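Asks: Protein chains in written order, with this note's numbering: chain A, 3 to 292; chain B, 9 to 420.
Treat the hints as calculated values from the structure; they're not laboratory data.
This list has only true hints and no planted wrong ones.
With a straight-line Cα cutoff of 30 Å, these simulated BS3-like cross-link-like pairs (lysine-lysine) come out:
#1 K120/A - K108/B
#2 K115/B - K145/B
#3 K356/B - K45/B
#4 K144/B - K53/B
#5 K94/B - K45/B
#6 K120/A - K273/B
#7 K53/B - K356/B
#8 K83/B - K375/B
#9 K298/B - K120/A
#10 K45/B - K115/B
#11 K298/B - K273/B
#12 K205/B - K387/B
#13 K189/B - K273/B
#14 K212/B - K183/B
#15 K120/A - K328/B
#16 K120/A - K312/B
#17 K205/B - K120/A
#18 K312/B - K273/B
#19 K409/B - K120/A
#20 K409/B - K298/B
#21 K94/B - K321/B
#22 K221/B - K183/B
#23 K356/B - K145/B
#24 K75/B - K120/A
Note that the structure is predicted; figures quoted are calculated from it, not measured.
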Amino acid sequence: MEAFLHQVFSGLATGGIYASMALALVMIYQSTHHINFSQGEMATFCTFIAWALIETGFPYWVAFFATVAIGLVGGMAIQRILLRPVENAPILTNVIVFIGLLVIFNSTAGWIFDHTIKAFPSPFPRGTFFDTQYFSSHEIGSIMVTLLVLVALYVFFRFTPLGLAMRAAAQNPVSSRLVGIRVSWMLALGWGLAAAIGAIAGMMVAPIVYLDPNMMAGILLYGFAGALLGGIDNPWGAVFGGFVVGVLENVLGAYVIGTELKLTVALVLIVGVLTLKPTGLFGKVVVTRV
Amino acid sequence: MNRNLLIAIVAAIVVAVAGYFVLAPKPEAPAPVAAKKYDPGASDKEILIGQTMPYSGPASAYGTIGKASAAYFAKINDEGGINGRKIKFVSLDDGYSPPKTVEQIRKLVEQDEVLFVFNTLGTPPNSAIHNYMNQKKVPQLFVATGATKWGDPKNFPWTMGWQPNYQTEGRIYAKYILKEKPNAKIAVLYQNDDYGKDYLKGFKDGLGEAGQKLIVSEVSYEVTDPTVDSQVVTMKGSGADTFFNITTPKFAAQAIKKAAEIGWKPTHFLNNVSASVASVLRPAGLENSKDIITAAYLKDPTDKQWENDQGYKDWLAWMKKYYPEGDLANSFNVYGYAVTQTLVQVLKQCGDDLTRENVMRQAANLKDIELPMLLPGIKVSTSPTDFYPIESVRLQRFDGKEWVLFGDVIGS
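The following block holds chain B by itself, in its conformation from the complex (with noise of 0.2 Å):
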């Protein structure tokens, strides 16, 4: 009994030596089975992947970003996917309304068990699922809203934005004037939530200490108000020769109309939120909005100096092909094919090891992507500590018919 237990130690020993020998030498090929991890909502076959939409009510304009990812995801499956894996995206409504948007999340994340959602519109919307995703641990990943706050690797580590922040923008602007205008007199117009104090917040912060005193005057509107009138005539009374207007379209077109109408002048900066041709400058007249200055990171599809250009010509021919019910003059196609492909770039570095935690990882490991509708020199680069991929912009001006492009990439 003894020797036979002996000679099947020593035996052992040797295989394991042996074994040692033979497989230490190369630690770093790869694991002989190929190591496919999965977690809830991935396979051998495909990805799910969730997001809630506002398809109806208010915000109902933005709801084309959600068809052209759908758009989008259908053209990866028709050439094969990612890593031969189908993309099955489900894209449910909310109406814009937070508590629509939990339930459907929860449907999402619970019942149908989605690897992540992706894209969730707006801040409110988004703000009400933060926490739970956070908990659950489900990347909540590239949210389409400018708020900063979803930049905080540190204590939302499963949340991601992917447009310029508000801040940022802000902090554009301020740079901007201090360089070009040192002894403006700003006015600015905000809206009175987060949203308009984010965007006055990084102003602030780029105009510095001794640069807040530039600002004459500083009025606030509420969503509810009929008109903004009243607030234009009051910066217009304080010699403001600067005017950062921080709006949303209908109160945008407004302001941009009453400054006319009473014959003030500012240098006009208008935050990106309400940059639209059709919905903003149209209606508040084109000849009021000569000479306003914003900021882009996208390619204008009516914009004629892209005609020729690879990446609007491919944007174009998917358009036709896959989305020919979506307008061609709308931005918000171009965000959603920006957004989409960043999101393809993801999956794709992630491989054959689908779970959450890596694809976080992975979201986090994007290195300068240079995407086909990005202007250009604008690029994709996040890291574990930065959770904001898109941190440049370049400044444009209106120039009675089209937004013109001048000066060069600017970061923050």
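Just chain A, same shape as in the assembly (with noise of 0.2 Å):
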């Protein structure tokens, strides 16, 4: 039993990475409609910014709310200058370029960091929450981030008015505009809110599985199962889909299928809600009237 309680923990501790990582997808999906494939890099990135600047000596949380801003305007920067010129290009030359970032962030960070793996620092160092044998200080730590982050975002949707222009803008782009929305500059907020949410996503990463440039690789694919799962268009779905998943990818793994078929079930998990239920347990199904 206490086996098994501890990988129910373990599992929500990795399924909190998994949860902030799909936010991070759920962000740009709710205000582009596409799923970004360098969104871990782009993270990865990012946090190898924040290391560079703890490593220069900055405290850690100069450091953090640093590189989000550094992520907020860099995403905002890549959609004005890459994506803006293929806005209305078929949904394949997006991808295309998304494939391309993804390649370009990897090796460009191989390439200034090298591939070694480096420590990260954590916020939560033990001791500062009651650790139990559970979970550790850093996990409680950044589940909370996660938490905080999915409040945050839901605020600024439901009760600002740029959070507002933003829903408008991603759900009828023609009215927007026509009562004075700037589409396009929403849909480069969108991508500077994800860059920011994986940027924060990688920094609570990063202590647990460690820098390097491919630290996100596995991840997105879990976080993207997770985001499915819940409902691609929902924040609080996605959240509770990367915990399902981190549970019970641990648990299966451990007690049913064994551990090397857990990436299996992150796989089988994206074919089956896309097959059965495409709008995910929570997701708003969307009528359209023909």
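Build the complex from these two chains, which are given one at a time in their own frames, with help from the hints.
Replies: Right, dumping it as structure tokens:
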């Protein structure tokens, strides 16, 4: 029984990682209706920036917020410079740009910071919260950060004019433009926010999985499974999905299918959700009148 | 006409017989004309050697080995070369991508016409060219990987490894456990691929039929897994008190840290692949890494006990002169130095017979060679049936700051 609880809690901890990545995916999907394949690499790159800042002597939280700001601006810049020209191009063109970005970020990170793993400091070192044998302080801390980001997003979209404008721009670009919303800038802001959330996710993940250019490669896949399971257009659902994937993966891996098929769980989830219930557990069913 | 012919025949016989008596009594003497024999890539002036290395891509940390080799050849050339011939060393980037390796190696063999390739790095890249090299009969010498399959002279007479192979290392840990902890309850974590299974096989072979019952938990992970936390939890739950950790650096660090976090303190054996203090133990936490045991065969350049050792001092002087941008704490630079010295020994033995066949013959004819940066007591030995140059190691334990050697040299 104790071993089982261990697996569940350890699954929740990794689930928190998937959840924050899923949140970033949802963010971009909500504002652009695309899945950004380079999301993970962008997050990794931001984390490297944070690492470099901390190495040069900045305090953790200064580096943290500086990195989030850099992520925000960088994400917007990418949308303005690279994606705006292909805004009206077919979806495949966009996908190619995403994959190009993935390769560029990955190899640039390797080139600048090399491929050896780096320890990344945690803002919640041992003893910050009640360390139990099930959870480390960092794991509790990072789950709290994920939930905090979720609440902040909810408040932003629900109660601020800018959030309202962003939702409008995503749902009905033409009408939004007519009432004076700058739709194109809203897309850029969506990219910026997604990159910023990715940066937070990266900084929360790095103390657990260690920082290297391929840090997010596996995580993005699980995050994607989580986002789809919860509903790709629902932040709450995505976070829930992330946790479910984390626990499911651990429990199934340890007791049912063996560790060799853990990744398969995520892939089966993706295919299963897309074929049986494409909107996910909590997604909105879009009905179009024809 | 007939008389003349007869005289000619008699004369010929006389000359032949006389010649026989003049030459025959000393069959051991070297041939009067120096029998310089060359294959493509060798000449009176130089020896052309090829290599692929991951100078870019995910395994680029290993690239420094190729740079160290080049720096050592520079030193050899400054000192006049080997038997009067300069070394020309062409080391190309393959990015650790097997298709790229094949392309580069074909270029080296067919276009540049190298005499042989040396210390190509990585199990997947070397596997990709294994058959090609043996079909072409071009030596694939001292490959930089610990897989066991490189020592198979019967089926692959043109390929040879160098470092202690994974199975040997696994067997050595098993022997140690049987001797020191015969009632151990062992948990094994391994990477689910050729590398992990190679170690596991050696370990199980070493434990033997009876010993395998000591393994209470055997879990694997995939390189795509974000963490191995769940596996560590499973192993702790099995009640194991001994842990054999067959993982690459990132996962090794994760496992060490997670074990400490959940309060699992087994006797911890870590494979040599991840024995780096800088890139594994420090990220995992030096305190968490205390008392981990691993096998070693090279002198660690950061280890204080070699400070006044002549071998180390020579290495340091060479680094400063020929590879000043190299990292003095990086043991890969020791590896590159030692493996290149082994090759230089082979080429010295070749003399003026620089055919591919003779290169292989001499590589398989190393007799107890001691290299300055190998741990004392560890020797390089090969024979036509033994294609594993280094087959012994010493165990060392981490004291929280550095590795401390203990016990004698252990062979498999």
